[in-house]
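Undergrad: Sequence:
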Amino acid sequence: MATVTPPVPGRRHRTPLARREARWAYLFLAPWIIGFLIFYAGPMLASLWLSFTEYDVINPPEYTGLDNYRQLMSDPAVARSLGNTVYYTALHVPLVMLISLGLALLLKRVGRLQGFFRTVFYLPVMTPAVAVGILFLLLLNTQDGLINRALGLVGIAGPSWTTDPHWVMPGIILMSLWSLGSTVIIYLAALQNVPRDLYEAAAIDGAGPWARFRSVTLPMISGALFFTLIVNTIASLQMFTEVYTMYFGNRETQNTFNSDAASFYVIHLFQEAFQFLHMGFASAMAWLLFVIILIITLIQVKLSNRFVYYEGEDK
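Going by the working numbering, the sequence shown opens with residue 13, and the numbers climb by one from there.
Taking CB as the label site, the calculated pair distances span:
(1) 289 to 143: 25 to 33 angstroms
(2) 72 to 163: 53 to 61 angstroms
(3) 261 to 47: 29 to 37 angstroms
(4) 176 to 107: 19 to 27 angstroms
(5) 321 to 220: 18 to 26 angstroms
(6) 26 to 217: 51 to 59 angstroms
(7) 155 to 72: 45 to 53 angstroms
(8) 164 to 50: 49 to 57 angstroms
Since the hints were derived computationally from the structure, they do not count as laboratory data. The model shown is predicted, which means the values in this text are computed figures rather than measured ones. Cβ atoms here follow ideal geometry from the backbone N, Cα and C, with glycine treated the same way.
Using the sequences and the accompanying hints, generate a full structural model.
TA: Right, dumping it as C-alpha coordinates:
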(Lines of atoms letter the chains of each structure in order from A and count residues from 1; the text may use other names and numbers.)
(Lines give C-alpha, C1' and ligand atoms only; values in the text may rest on other atoms or scores of the structure.)
Protein backbone atom coordinates (compact mmCIF):
# COMPACT_ATOMS: atom_id res chain seq x y z
CA MET A 1 0.00 0.00 0.00
CA ALA A 2 1.43 3.38 -1.06
CA THR A 3 2.31 5.82 1.67
CA VAL A 4 1.05 9.38 1.23
CA THR A 5 3.31 12.01 2.71
CA PRO A 6 1.20 14.61 4.52
CA PRO A 7 1.87 18.23 3.60
CA VAL A 8 4.20 20.10 5.90
CA PRO A 9 2.27 22.82 7.81
CA GLY A 10 3.19 26.32 6.67
CA ARG A 11 4.84 25.17 3.42
CA ARG A 12 3.18 25.97 0.13
CA HIS A 13 3.32 23.22 -2.49
CA ARG A 14 3.30 24.58 -6.03
CA THR A 15 2.16 22.51 -8.94
CA PRO A 16 4.50 21.86 -11.88
CA LEU A 17 2.45 24.37 -13.91
CA ALA A 18 2.92 27.06 -11.26
CA ARG A 19 6.67 26.42 -11.11
CA ARG A 20 6.92 26.60 -14.91
CA GLU A 21 4.98 29.87 -14.96
CA ALA A 22 7.27 31.26 -12.24
CA ARG A 23 10.36 30.36 -14.30
CA TRP A 24 8.92 32.13 -17.34
CA ALA A 25 8.04 35.16 -15.20
CA TYR A 26 11.62 35.40 -13.91
CA LEU A 27 12.89 34.97 -17.47
CA PHE A 28 10.83 37.92 -18.72
CA LEU A 29 11.83 39.99 -15.69
CA ALA A 30 15.52 39.19 -16.15
CA PRO A 31 16.31 42.03 -18.65
CA TRP A 32 14.87 44.63 -16.25
CA ILE A 33 16.58 43.09 -13.23
CA ILE A 34 19.95 42.94 -15.02
CA GLY A 35 19.55 46.51 -16.30
CA PHE A 36 18.63 47.73 -12.81
CA LEU A 37 21.66 46.06 -11.24
CA ILE A 38 24.07 47.33 -13.90
CA PHE A 39 22.77 50.85 -14.52
CA TYR A 40 21.19 51.79 -11.16
CA ALA A 41 22.11 49.64 -8.17
CA GLY A 42 25.74 49.22 -9.24
CA PRO A 43 26.46 52.92 -9.82
CA MET A 44 24.62 53.85 -6.60
CA LEU A 45 26.77 51.48 -4.52
CA ALA A 46 29.90 52.71 -6.33
CA SER A 47 29.02 56.36 -5.62
CA LEU A 48 28.34 55.47 -1.96
CA TRP A 49 31.85 54.06 -1.70
CA LEU A 50 33.35 57.02 -3.55
CA SER A 51 31.62 59.43 -1.15
CA PHE A 52 34.05 58.20 1.54
CA THR A 53 37.10 58.75 -0.67
CA GLU A 54 39.10 61.43 -2.40
CA TYR A 55 38.96 60.60 -6.10
CA ASP A 56 39.93 62.69 -9.11
CA VAL A 57 39.41 60.06 -11.87
CA ILE A 58 43.13 60.10 -12.71
CA ASN A 59 44.46 58.62 -9.47
CA PRO A 60 43.03 55.67 -7.50
CA PRO A 61 40.45 56.52 -4.80
CA GLU A 62 41.93 57.28 -1.40
CA TYR A 63 39.75 56.51 1.62
CA THR A 64 39.11 59.61 3.73
CA GLY A 65 36.23 58.50 5.94
CA LEU A 66 33.61 61.16 6.64
CA ASP A 67 35.73 64.10 5.45
CA ASN A 68 33.52 64.76 2.41
CA TYR A 69 30.40 64.86 4.55
CA ARG A 70 32.05 67.18 7.06
CA GLN A 71 33.00 69.48 4.20
CA LEU A 72 29.39 69.39 2.96
CA MET A 73 28.18 70.73 6.27
CA SER A 74 30.61 73.67 6.24
CA ASP A 75 30.86 74.57 2.54
CA PRO A 76 29.03 77.90 1.90
CA ALA A 77 28.71 77.11 -1.83
CA VAL A 78 26.76 73.93 -1.01
CA ALA A 79 24.51 75.81 1.41
CA ARG A 80 23.90 78.57 -1.15
CA SER A 81 23.07 76.18 -3.99
CA LEU A 82 20.82 74.12 -1.74
CA GLY A 83 19.05 77.28 -0.58
CA ASN A 84 18.47 78.36 -4.19
CA THR A 85 17.07 74.92 -5.02
CA VAL A 86 14.70 74.88 -2.05
CA TYR A 87 13.55 78.44 -2.82
CA TYR A 88 12.88 77.50 -6.43
CA THR A 89 11.00 74.34 -5.41
CA ALA A 90 8.87 76.18 -2.84
CA LEU A 91 7.68 78.62 -5.54
CA HIS A 92 7.67 76.40 -8.62
CA VAL A 93 5.61 73.47 -7.31
CA PRO A 94 2.60 75.45 -5.96
CA LEU A 95 2.56 77.69 -9.06
CA VAL A 96 2.61 74.73 -11.45
CA MET A 97 -0.14 72.94 -9.53
CA LEU A 98 -2.41 76.00 -9.28
CA ILE A 99 -1.99 77.13 -12.91
CA SER A 100 -2.32 73.57 -14.21
CA LEU A 101 -5.52 73.02 -12.23
CA GLY A 102 -6.96 76.29 -13.55
CA LEU A 103 -6.11 75.33 -17.14
CA ALA A 104 -7.54 71.84 -16.66
CA LEU A 105 -10.82 73.31 -15.37
CA LEU A 106 -10.97 75.53 -18.46
CA LEU A 107 -10.15 72.64 -20.79
CA LYS A 108 -12.99 70.62 -19.30
CA ARG A 109 -15.41 73.25 -20.60
CA VAL A 110 -14.19 73.70 -24.19
CA GLY A 111 -16.08 70.73 -25.60
CA ARG A 112 -14.97 69.51 -29.03
CA LEU A 113 -11.81 71.61 -29.04
CA GLN A 114 -10.51 69.83 -25.95
CA GLY A 115 -8.33 67.44 -27.97
CA PHE A 116 -6.70 70.32 -29.84
CA PHE A 117 -5.90 72.26 -26.68
CA ARG A 118 -4.59 69.13 -24.94
CA THR A 119 -2.07 68.80 -27.75
CA VAL A 120 -1.19 72.50 -27.61
CA PHE A 121 -0.53 72.38 -23.87
CA TYR A 122 1.47 69.15 -24.05
CA LEU A 123 3.73 70.04 -27.01
CA PRO A 124 6.09 72.22 -24.91
CA VAL A 125 6.79 69.20 -22.68
CA MET A 126 8.36 67.47 -25.68
CA THR A 127 10.71 70.39 -26.40
CA PRO A 128 14.34 69.44 -25.60
CA ALA A 129 15.49 71.02 -22.33
CA VAL A 130 18.53 72.61 -23.99
CA ALA A 131 16.28 74.26 -26.58
CA VAL A 132 14.05 75.60 -23.79
CA GLY A 133 17.07 77.13 -22.07
CA ILE A 134 18.24 78.85 -25.25
CA LEU A 135 14.71 80.01 -26.09
CA PHE A 136 14.19 81.67 -22.71
CA LEU A 137 17.66 83.17 -22.76
CA LEU A 138 16.47 85.04 -25.83
CA LEU A 139 13.00 85.80 -24.48
CA LEU A 140 14.39 87.19 -21.22
CA ASN A 141 17.09 89.30 -22.87
CA THR A 142 17.09 92.74 -21.26
CA GLN A 143 17.33 94.80 -24.47
CA ASP A 144 15.80 92.66 -27.21
CA GLY A 145 13.80 90.05 -25.27
CA LEU A 146 10.16 89.57 -26.28
CA ILE A 147 8.98 89.66 -22.66
CA ASN A 148 10.52 93.07 -21.95
CA ARG A 149 9.23 94.38 -25.27
CA ALA A 150 5.71 93.28 -24.32
CA LEU A 151 6.06 94.97 -20.93
CA GLY A 152 7.30 98.12 -22.66
CA LEU A 153 4.08 98.29 -24.73
CA VAL A 154 2.11 98.82 -21.50
CA GLY A 155 4.59 101.30 -20.06
CA ILE A 156 6.47 98.91 -17.76
CA ALA A 157 10.27 98.91 -17.79
CA GLY A 158 11.28 95.27 -17.91
CA PRO A 159 13.87 94.07 -15.39
CA SER A 160 17.27 92.59 -16.19
CA TRP A 161 16.12 88.97 -16.03
CA THR A 162 19.48 87.41 -16.84
CA THR A 163 21.92 89.82 -15.18
CA ASP A 164 20.27 91.20 -12.04
CA PRO A 165 20.73 88.65 -9.20
CA HIS A 166 17.35 89.66 -7.76
CA TRP A 167 15.55 88.78 -11.01
CA VAL A 168 17.44 85.65 -12.06
CA MET A 169 15.32 83.31 -9.93
CA PRO A 170 11.95 84.83 -10.98
CA GLY A 171 13.07 84.42 -14.59
CA ILE A 172 13.93 80.77 -14.01
CA ILE A 173 10.56 80.16 -12.35
CA LEU A 174 8.84 81.86 -15.30
CA MET A 175 10.74 79.57 -17.65
CA SER A 176 9.77 76.49 -15.64
CA LEU A 177 6.07 77.14 -16.30
CA TRP A 178 6.70 76.36 -19.96
CA SER A 179 6.52 72.61 -19.32
CA LEU A 180 3.44 72.32 -17.12
CA GLY A 181 1.46 70.56 -19.86
CA SER A 182 1.89 67.08 -18.40
CA THR A 183 0.42 68.23 -15.08
CA VAL A 184 -2.51 69.82 -16.94
CA ILE A 185 -3.25 66.51 -18.71
CA ILE A 186 -3.14 64.58 -15.44
CA TYR A 187 -5.56 67.00 -13.77
CA LEU A 188 -7.88 66.97 -16.77
CA ALA A 189 -8.07 63.17 -16.68
CA ALA A 190 -8.80 63.28 -12.95
CA LEU A 191 -11.53 65.91 -13.41
CA GLN A 192 -13.22 63.87 -16.11
CA ASN A 193 -13.41 60.89 -13.76
CA VAL A 194 -15.36 62.78 -11.09
CA PRO A 195 -18.92 61.32 -11.10
CA ARG A 196 -21.49 63.85 -12.27
CA ASP A 197 -24.07 62.59 -9.78
CA LEU A 198 -21.91 63.99 -6.95
CA TYR A 199 -22.19 67.47 -8.42
CA GLU A 200 -25.93 67.02 -8.92
CA ALA A 201 -26.39 65.86 -5.33
CA ALA A 202 -24.35 68.82 -4.04
CA ALA A 203 -26.39 71.24 -6.19
CA ILE A 204 -29.64 69.79 -4.82
CA ASP A 205 -28.30 70.38 -1.31
CA GLY A 206 -27.80 74.04 -2.21
CA ALA A 207 -24.01 74.03 -2.69
CA GLY A 208 -22.69 76.82 -4.89
CA PRO A 209 -19.82 76.55 -7.40
CA TRP A 210 -17.11 77.17 -4.81
CA ALA A 211 -18.67 74.75 -2.32
CA ARG A 212 -18.91 72.05 -5.02
CA PHE A 213 -15.31 72.64 -5.98
CA ARG A 214 -14.12 72.45 -2.37
CA SER A 215 -16.30 69.55 -1.24
CA VAL A 216 -16.51 67.44 -4.41
CA THR A 217 -13.82 68.30 -6.93
CA LEU A 218 -10.80 68.63 -4.64
CA PRO A 219 -11.41 65.41 -2.66
CA MET A 220 -12.08 63.40 -5.83
CA ILE A 221 -8.89 64.59 -7.57
CA SER A 222 -6.75 64.59 -4.41
CA GLY A 223 -4.92 61.46 -5.61
CA ALA A 224 -3.80 63.25 -8.78
CA LEU A 225 -2.83 66.34 -6.76
CA PHE A 226 -0.75 64.19 -4.43
CA PHE A 227 0.97 62.41 -7.31
CA THR A 228 1.92 65.65 -9.06
CA LEU A 229 3.07 67.16 -5.77
CA ILE A 230 5.61 64.36 -5.30
CA VAL A 231 6.71 64.21 -8.95
CA ASN A 232 7.11 67.98 -9.34
CA THR A 233 8.94 68.29 -6.01
CA ILE A 234 11.46 65.62 -6.98
CA ALA A 235 11.94 67.15 -10.44
CA SER A 236 12.40 70.65 -8.97
CA LEU A 237 15.04 69.51 -6.52
CA GLN A 238 16.97 68.05 -9.49
CA MET A 239 16.67 71.11 -11.75
CA PHE A 240 19.70 71.24 -14.04
CA THR A 241 19.59 71.29 -17.84
CA GLU A 242 17.63 74.47 -18.63
CA VAL A 243 19.42 76.59 -16.02
CA TYR A 244 22.85 75.26 -16.95
CA THR A 245 22.16 76.02 -20.62
CA MET A 246 21.02 79.57 -19.85
CA TYR A 247 23.64 80.68 -17.33
CA PHE A 248 26.59 78.28 -17.35
CA GLY A 249 26.80 77.00 -20.92
CA ASN A 250 27.31 80.47 -22.38
CA ARG A 251 30.56 82.26 -21.52
CA GLU A 252 29.13 85.67 -22.35
CA THR A 253 26.26 85.14 -19.91
CA GLN A 254 28.63 83.91 -17.23
CA ASN A 255 30.65 87.09 -17.50
CA THR A 256 27.65 89.42 -17.12
CA PHE A 257 26.09 88.22 -13.87
CA ASN A 258 26.92 86.71 -10.52
CA SER A 259 26.57 82.96 -11.08
CA ASP A 260 25.68 82.42 -7.41
CA ALA A 261 22.15 83.63 -8.15
CA ALA A 262 21.53 80.68 -10.50
CA SER A 263 23.65 78.09 -8.74
CA PHE A 264 21.35 75.11 -8.19
CA TYR A 265 22.41 72.10 -6.15
CA VAL A 266 22.71 69.68 -9.09
CA ILE A 267 24.64 72.29 -11.10
CA HIS A 268 27.12 72.68 -8.25
CA LEU A 269 27.34 68.88 -8.01
CA PHE A 270 28.05 68.68 -11.74
CA GLN A 271 30.78 71.31 -11.49
CA GLU A 272 32.45 69.56 -8.56
CA ALA A 273 32.43 66.24 -10.43
CA PHE A 274 33.26 67.14 -14.02
CA GLN A 275 34.96 70.54 -13.86
CA PHE A 276 37.00 70.21 -10.69
CA LEU A 277 37.16 66.37 -10.71
CA HIS A 278 36.17 66.14 -7.03
CA MET A 279 34.33 62.88 -7.61
CA GLY A 280 34.33 61.83 -3.96
CA PHE A 281 32.88 65.13 -2.80
CA ALA A 282 30.33 65.12 -5.65
CA SER A 283 29.25 61.59 -4.66
CA ALA A 284 28.67 62.80 -1.11
CA MET A 285 26.60 65.66 -2.50
CA ALA A 286 24.55 63.19 -4.53
CA TRP A 287 23.81 61.07 -1.47
CA LEU A 288 22.85 64.13 0.55
CA LEU A 289 20.35 65.06 -2.17
CA PHE A 290 19.04 61.49 -2.18
CA VAL A 291 18.44 61.64 1.57
CA ILE A 292 16.76 65.06 1.32
CA ILE A 293 14.41 63.85 -1.43
CA LEU A 294 13.68 60.66 0.53
CA ILE A 295 12.81 62.58 3.71
CA ILE A 296 10.60 65.10 1.88
CA THR A 297 8.79 62.30 0.03
CA LEU A 298 8.21 60.34 3.24
CA ILE A 299 6.78 63.44 4.91
CA GLN A 300 4.48 64.04 1.94
CA VAL A 301 3.32 60.40 1.98
CA LYS A 302 2.69 60.59 5.73
CA LEU A 303 0.67 63.80 5.40
CA SER A 304 -1.29 62.36 2.47
CA ASN A 305 -3.15 60.06 4.84
CA ARG A 306 -5.04 63.14 6.06
CA PHE A 307 -5.77 64.83 2.74
CA VAL A 308 -5.90 62.22 -0.02
CA TYR A 309 -9.21 60.46 -0.66
CA TYR A 310 -9.26 57.13 -2.49
CA GLU A 311 -12.63 56.01 -3.78
CA GLY A 312 -13.89 52.90 -2.05
CA GLU A 313 -11.68 53.44 0.97
CA ASP A 314 -13.28 53.87 4.37
CA LYS A 315 -11.95 56.85 6.28
